[in-house]
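**Q** Put chain B on the given structure of chain A with help from the hints.
Number of protein chains: 2
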Amino acid sequence: MVLPAPGPALARSAAPADLVDAAVAGSPRALARLISLVEDASPQLREIMALLAPRTGRAQVIGLTGSPGVGKSTSTSALVGAFRARGLRVGVLAIDPSSPFSGGALLGDRVRMQQHATDPGVYIRSLASRGHLGGLSWATPQALRVLDAAGFDVVLVETVGVGQAEVDIASLADTTLVLLAPGMGDGVQAAKAGILEIADVFVVNKADRDGAEHTYRELKHMIALTGPAGGQRWQPPVVKTVASRSEGVDEIVDAIVDHRAWMVERGVLDARRRRRAADEIEQIALTELRARMGGLRDATLLDALAGEVVAGALDPYTAAERVIASMTASATGGGTIIG
Amino acid sequence: MVLPAPGPALARSAAPADLVDAAVAGSPRALARLISLVEDASPQLREIMALLAPRTGRAQVIGLTGSPGVGKSTSTSALVGAFRARGLRVGVLAIDPSSPFSGGALLGDRVRMQQHATDPGVYIRSLASRGHLGGLSWATPQALRVLDAAGFDVVLVETVGVGQAEVDIASLADTTLVLLAPGMGDGVQAAKAGILEIADVFVVNKADRDGAEHTYRELKHMIALTGPAGGQRWQPPVVKTVASRSEGVDEIVDAIVDHRAWMVERGVLDARRRRRAADEIEQIALTELRARMGGLRDATLLDALAGEVVAGALDPYTAAERVIASMTASATGGGTIIG
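One line per chain: the protein sequences are A and B, in this order. Sequential numbering of the first sequence, starting at 1, is according to this note's numbering. Sequential numbering of the second sequence, starting at 1001, is according to this note's numbering.
Be a bit skeptical, because a hint or two may be false.
Unchecked claim - Pairwise CB distance ranges, derived in the manner of DEER restraints:
| # | chain 1 | residue 1 | chain 2 | residue 2 | range |
| --- | --- | --- | --- | --- | --- |
| 1 | B | Ala1017 | A | Ala311 | 15 to 25 Å |
| 2 | B | Ala1032 | A | Ser171 | 31 to 41 Å |
| 3 | A | Gly227 | B | Ala1085 | 47 to 57 Å |
| 4 | B | Asp1210 | A | Arg290 | 39 to 49 Å |
| 5 | B | Asp1210 | A | Glu265 | 51 to 61 Å |
| 6 | B | Ala1261 | A | Gln232 | 50 to 60 Å |
| 7 | A | Ser171 | B | Val1257 | 53 to 63 Å |
What the hints assert, rightly or not - Which residues of chain B face chain A? A few of them, derived with a C-beta cut under 8 Å, are:
| # | residue |
| --- | --- |
| 8 | Ile1284 |
| 9 | Leu1289 |
| 10 | Asp1315 |
Claimed, not checked - Here chain B is said to cover these stretches of chain A; the calculated rule only asks that three of the stretch's residues, wherever they fall, bring their Cβ under 8 Å from a Cβ of chain B:
| # | segment |
| --- | --- |
| 11 | 42-50 |
| 12 | 54-64 |
| 13 | 279-289 |
| 14 | 309-320 |
Simulated from the structure, these hints should not be mistaken for lab results. Think of the CB as a built atom: it goes at the ideal place given N, C-alpha and C, for glycine as much as any other residue.
Isolated chain A (complex conformation) (with noise of 0.2 Å):
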């Protein structure tokens, strides 16, 4: 890959218009730098997202998650090429467990990313999940908005199918896809609940193994249950696939063609956009008033108050109360993220 010169442009102190400007032509490296910012929660992110608003709405975002082993990264892969086949740019975010443990194992898979480092039509990047056990870095929705901005077609999301996460994912895809393998000992029985809710297409991976039929027609099964597809009602489709051999990749984008004509055609995209970004300015929002809470805490305000409420002294809704007061009270003052 042919990196462009550092210029002024990507220089360390770069303003965030020449970033912006960087990575709207194709640097890489002022991408790269514009995510940073977002994952540090830069006090510049406010005037970066000013200035790629205009540009996003294009991208489409596909979420892909299901548990440790069922081929994620391998399928991650497979679509790129698919999706670079076609002639579009595709961006990958990679939600990375934060732990210690799984974190080796996961970037291990990563290796399988690399036949797609040389490839400037494709940008690849982790970013750190939040807290132990999943949920998406509450950076991934801004993420988002820098590759959109910077015109890459397709954004993967890959995320480990571990609590939260899930959820978390298919609020922000246009497109869920949840990839499940035979033989994994859980299967859907721990796949289970809410799976059904968050898929859009199902991928039953490694299809060439032992008890691939099975579980394709479990699902096929909990899928009926759910009742017949019409109206606002989409019926998720259930692939098979090898992703290690490419197998029944295209038959993935098929179905995500296939889901996102059906969301276009009954409004349901916009809508689910609309309130994308709904829960990306309650997010933003509450990220500042819990910022604004945690000044209190250090402030001791909220520790004095939790040592009444230990000491039975105060009920802590009337803690809360005061908690509330002192941060209307001080709305004018040093916000970390709105300033």
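**A** Just chain B now, kept in the frame of chain A:
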């Protein structure tokens, strides 16, 4: 179990003060009513919590978590028996994932608890969990307060070890038990991240099965890797049990007693409880602020802002700033919980 006759104190329209008095006097019906008011986020909660506050702070809170199938219900039931044998009153809060898929199975397991159903020294209650995939109900800390004020010496909070719930329970409990069982396919590996940080006591249940020794040693090895105990650093013991035959259950109780003594000696218990109260206050304040935001959403401000963000006419930070400004302006308006 002899229920008190339903006097005026338990009428449908009972005043909070009467309900609290009845609950403290031992009426399971009043307890049930109070916890239902908590679950429904009743506007009466503020008054109730103010009445309960002076009575709280006595109960010892034990969290119990683990993957499906490790024997959580059986262990909880056995622990209830062990605490009862020591003359203690025991409350149990069982957090049910709200999923229709797992709900049935869980309720089935609960049958094991029925041996305590006729014991007036035991109160058992299920709480719905938040969201599809775990996370304790925000009602949990308040339900704990009810049981604490009603004079239960020990409250066991049992939750399936999925995602956020595990983290939540550790921040809620004085002592957190993490259960594992041999031959679960996942074992220590899948339990992986986080459990070392949250477990105060490890329990290897079904210790009569193949692989129990392996799971035990694997755990011991993981614990040893974190370094020696000392100072503010507690090293979690590993207890082997066969809960279905109550084997090893007294050893769990001993470990809980040891852990408590260790915490009290170092001021850790008080610090934990202060942190817990601070979290609770923050949670109530954030819930209130989110409710005010939801009000904005209904009032179409948030929706209008989201539409502008989707259209690229506005960035999400500016939108969030307007939301906060609007909330602050209406701070004297209708909060849903803090009235």
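**Q** Does each hint hold? Answer for all of them.
**A** To see whether the hints hold, each was checked on the structure:
1. Restraint check, Ala1017/B to Ala311/A: a C-beta distance of roughly 22 Å satisfies the suggested window 15 to 25 Å.
2. Taken as a hint, the range 31 to 41 Å holds for the pair Ala1032/B and Ser171/A, whose Cβ atoms sit roughly 34 Å apart.
3. About 51 Å separates the C-beta atoms of Gly227/A and Ala1085/B, a value consistent with the hinted range of 47 to 57 Å.
4. For the hinted restraint 39 to 49 Å between Asp1210/B and Arg290/A, the CB-CB distance of approximately 47 Å keeps it satisfied.
5. For Asp1210/B paired with Glu265/A, a C-beta distance near 56 Å keeps the hint of 51 to 61 Å intact.
6. Checked against the hint of 50 to 60 Å, the pair Ala1261/B and Gln232/A passes, with Cβ atoms roughly 59 Å apart.
7. One distance hint, 53 to 63 Å for the beta-carbon pair Ser171/A and Val1257/B, is violated here, with the actual separation near 44 Å.
8. Using the Cβ-Cβ criterion of 8 Å, the hint placing Ile1284/B at the interface with chain A is satisfied: the shortest such distance is roughly 4 Å.
9. For Leu1289/B, the suggested interface contact is upheld, since its CB lies about 6 Å from the closest CB of chain A, less than 8 Å.
10. Given the 8 Å rule on beta carbons, the hint for Asp1315/B holds: about 4 Å separates it from the nearest Cβ of chain A.
11. Here's how the segment 42-50 of chain A fares: 4 of its residues keep a CB closer than 8 Å to some CB of chain B, so the rule of at least three is met and the hint holds.
12. Three residues within the 8 Å Cβ limit are the bar, and the segment 54-64 of chain A against chain B gives 4, so the coverage statement holds.
13. Coverage of the segment 279-289 of chain A by chain B holds. Counting CB-CB distances below 8 Å, 8 residues qualify, and the rule asks for three or more.
14. Counting residues of the segment 309-320 of chain A whose CB lies closer than 8 Å to any CB of chain B gives 12, which reaches the minimum of 3, so the coverage claim holds.
In summary, the structure is inconsistent with hint 7 from the numbered list given earlier, while agreeing with all the others.
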